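*Asks:* Sequence:
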Amino acid sequence: MKSLTVSMVPIVLFLTSVSIVSSKDYSALETYTEELLLDPALDAEIVSAEVSITPQQVTANCITQFSVQETSAPTQPLINFIGSIVGIYSVLVKDVPEVGDLVIIAKNNNDPTLAKFSCPKSWVNGEDLTRADAVDQLNQIIYKVLQTAEST
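Just add 6 to wherever you are in the sequence shown, counting from 1, and you've got the working numbering.
Hint data in this document are derived by calculation from the structure and do not stem from the laboratory.
Mixed in with the good hints, there may be bad ones.
In silico lysine-lysine, DSS-like type, Cα no more than 25 Å apart, as pairs [stated by the list, open to error]:
#, residue 1, residue 2
1, K127, K150
2, K100, K150
3, K150, K30
For clarity, every value in this text was computed on a predicted model and none was experimentally measured.
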């Protein structure tokens, strides 16, 4: 597997804002997460993002700049994309533990092809993926998430 080159700077900044969320209204956190996913410093190649957070499920529905390929081996843009979302999700689980499992939906602007990935909360629970030495842990989680891929 290629090494991960996800920029963790925006994710670390995310840590400072998570505490503003009440356990019943996640709208401010959803908006902030969407803005963070669109930050060019994250290098996730996301054109648009819609995030929904509930105690049952966290959904990141994203349109990407790279091709969503059903059968090809993971490319670096896909690894960056998944790694960025999983990194943000790990911080969310740490600070707002009642949120549900992660579902990532990826599609292209002009292509109806859709890829869906999932990440159970147990995969990131207790992990500090914002540490510089956590790259191997994050890579292992990304690999597991890629194994859950579904195409429609």
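*Asks:* Compare the structure with each hint and give your call.
*Replies:* Tested hints:
no.: 1; hint: K127 / K150; verdict: 12 Å, holds
no.: 2; hint: K100 / K150; verdict: 20 Å, holds
no.: 3; hint: K150 / K30; verdict: 30 Å, violated
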